[in-house]
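S.K.: Protein chains in written order, with my numbering: chain A, 1 to 77; chain B, 78 to 154.
Quick caveat, the hints were computed from the structure, so don't treat them as lab data.
Treat the hints with care, as some may be off.
[Said to hold, decoys possible] For the chain B half of the interface with chain A, some residues (derived, Cβ under 10 Å), not all of them:
| no. | residue |
| --- | --- |
| 1 | SER81 |
| 2 | LEU133 |
| 3 | PRO136 |
| 4 | HIS142 |
| 5 | TYR145 |
Computed from a prediction, not measured in an experiment: that's the story for all the values here.
Idealized CB from N, CA, C, for every residue including glycine.
There are 2 protein chains.
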Amino acid sequence: MAKSVFYHAGCPVCVSAEHDIINLIGAENVEVVHIGEVRNRIDEAEKAGVKSVPALVTPTGNVLHINYGASIADVKG
Amino acid sequence: MAKSVFYHAGCPVCVSAEHDIINLIGAENVEVVHIGEVRNRIDEAEKAGVKSVPALVTPTGNVLHINYGASIADVKG
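Could you build all of it, start to finish, from the sequences and the hints given here?
M.R.: See the structure below:
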């Protein structure tokens with residue numbers, strides 16, 4: 001299975017969702033990207049359609065915004 | 078693995094998210110409940126903490142609100 005990408009920004013909502021997603025789909029199936037730290041991937045997240053974090057981009061390119069931690073604008077600061 | 082429960086109300090956002098979740102975690106690992114039709118489970122969803130659909134309640138009881146289709150109040154009508 002192609003990997004999903006989980007974008008987050010270290011917020012409590014993000015960390016909680018990250019644990020849930022990894023439990024559900026397996027750590028080997030998801031790349032976790034902290035766009036608060038790896039800032040040169042913010043642009044990639046936006047292009048994928050991520051409006052807020054935490055969000056999971058599926059192997060088919062769909063974006064699942066999970067709960068609500070922060071907007072991309074907040075992450076950009 | 079205990080099953081997750083995916084609550085939805087048949088909206089386009091719900092159907093899209095349902096396909097993604099089933100692809101990601103496997104149909105055998107998720108019970109799909111259409112609370113627009115199975116209305117006697119709306120109460121169960123609310124007690125689990127579901128505020129809007131689509132939402133996934135994990136085996137550990139966490140609620141992942143995925144994107145946004147409709148509020149529980151909308152579903153109640």
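S.K.: Give a verdict on every hint.
M.R.: Hint-by-hint comparison with the structure:
A least Cβ separation of about 7 Å between SER81 (chain B) and chain A falls short of the 10 Å threshold, and the interface hint therefore holds. Among the interface hints, the one on LEU133 (chain B) holds; its C-beta lies about 8 Å from the nearest C-beta in chain A, closer than the 10 Å criterion. Residue-level restraint check for PRO136 (chain B) holds (minimum Cβ-Cβ distance to chain A is 8 Å; threshold 10 Å). A least Cβ separation of about 5 Å between HIS142 (chain B) and chain A falls short of the 10 Å threshold, and the interface hint therefore holds.
Given hint, TYR145 (chain B) at the interface with chain A, holds; its Cβ is 8 Å from that chain's nearest Cβ, closer than 10 Å.
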